[in-house]
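Visitor: As a plain string of letters, each chain reads:
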Amino acid sequence: RKEVEQDPGPFNVPEGATVAFNCTYSNSASQSFFWYRQDCRKEPKLLMSVYSSGNEDGRFTAQLNRASQYISLLIRDSKLSDSATYLCVVSLRTGNQFYFGTGTSLTVIP
Amino acid sequence: SQTIHQWPATLVQPVGSPLSLECTVEGTSNPNLYWYRQAAGRGLQLLFYSVGIGQISSEVPQNLSASRPQDRQFILSSKKLLLSDSGFYLCAWSASSYNEQFFGPGTRLTVL
Numbered sequence: 001r002k003e004v005e006q007d008p009g010p011f012n013v014p015e016g017a018t019v020a021f022n023c024t025y026s027n028s029a030s031q032s033f034f035w036y037r038q039d040c041r042k043e044p045k046l047l048m049s050v051y052s053s054g055n056e057d058g059r060f061t062a063q064l065n066r067a068s069q070y071i072s073l074l075i076r077d078s079k080l081s082d083s084a085t086y087l088c089v090v091s092l093r094t095g096n097q098f099y100f101g102t103g104t105s106l107t108v109i110p
Numbered sequence: 001s002q003t004i005h006q007w008p009a010t011l012v013q014p015v016g017s018p019l020s021l022e023c024t025v026e027g028t029s030n031p032n033l034y035w036y037r038q039a040a041g042r043g044l045q046l047l048f049y050s051v052g053i054g055q056i057s058s059e060v061p062q063n064l065s066a067s068r069p070q071d072r073q074f075i076l077s078s079k080k081l082l083l084s085d086s087g088f089y090l091c092a093w094s095a096s097s098y099n100e101q102f103f104g105p106g107t108r109l110t111v112l
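Those protein sequences? They're chains A and B, same order as listed.
The numbering used here puts the first residue of the first sequence at 1, with every later residue one more than the last.
The numbering used here puts the first residue of the second sequence at 1, with every later residue one more than the last.
Dumping the calculated DMTMM-like pairs for lysine to aspartate or glutamate here, alpha-carbon to alpha-carbon at most 20 Å:
{"no.": "1", "chain 1": "A", "residue 1": "K45", "chain 2": "B", "residue 2": "E26"}
{"no.": "2", "chain 1": "A", "residue 1": "K42", "chain 2": "B", "residue 2": "E100"}
{"no.": "3", "chain 1": "A", "residue 1": "K42", "chain 2": "B", "residue 2": "D85"}
{"no.": "4", "chain 1": "A", "residue 1": "K42", "chain 2": "B", "residue 2": "E22"}
No lab work stands behind these hints, which were simulated from the structure alone.
Remember, predicted model here, so these are calculated numbers, not experimental data.
With the rest of the complex left out, here is chain B (with noise of 0.2 Å):
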């Protein structure tokens, strides 16, 4: 069966900070993967998804980067982390477009 895997599952960081965080995927080969984010009280937005290896899509413009290393990796990375970065990031995938999304755990990031 597939499991996806996040960590880490919380963290606090300083505005300006750099961010990584990584998703990995296992029982599965080439999944459509994507990173979201749900601020508090608000509806999950999509960041980025990726169909293959090296290839990233942007929905959002903002100080935040994906990058798909490896088949099963996703990460998601920022050079400096501004106050509106804080929220749920939630990884995900899927076995193509329009199959159902499954979720990983999740980061709850706190910028302060």
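With the rest of the complex left out, here is chain A (with noise of 0.2 Å):
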């Protein structure tokens, strides 16, 4: 089983939509959780950590439920801009474990 699993996509959206990505993992003893973005062949980019009591930077709200082991990330007022591949990533306490998911891609539509 993937440490992190994620819908690959490809959601398509128009402008100004609101769209919501779901993230899974299935250790329970994760402790950081943190949505990157990466456009098309460059570096990931960090978006936002996830704090438990959940976050929220701008247009992008970030969730965590431990109980249920995911996280999910809300894009309000979706931008041309915001169209990219968003991952999802776990870190264990112990060691040096950072877990990437493979990637949920966007595309905002005019």
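Can you join these two chains into the complex? Each is in its own frame, and there are hints to help.
Guide: Have a look at this one:
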């Protein structure tokens, strides 16, 4: 079983739409959670960390559900510039293990 | 602020040739350093990580090796490249094991 699983998509949404991605993780000992964004042929860039109480950064909201072992990312009022692949990342407290999902592709259509 | 550099940006090498990719970090001390590979259309695969000078942990046995000769320098090497070594190689740093990681711009390697 993969440590982190994401729906690969693609998600094709019109500008202004709200879109949500979910990501599930298998190890209940996971301690840190992140969302990264990766543009085509570029390096992943940190979008936001995910805190236990949930957190918001502008149009982006991240939630953590430890009981069900999933994290989510909500993007409101989608912009063309939001088109990218979104990677879910989970880290264990022990060792240097960062587990990356394979990513969810988002295309925002004019 | 911290910055991370990788070079070269792109590389085309014949099968059987050696490889050396370099990564340096500025603006931080004693970072954790990581090498990842991303094959076309695939997720990131952790290859090596280092928590200090001379300390290397390998995650995947293969014909690659890594070294950390200085605190903020991380090198990925191979004596003989295989076709399957083609991919996008990314270096990353973090302040600790569970802090967020920050990636360099990557090296796109094609082995022919």
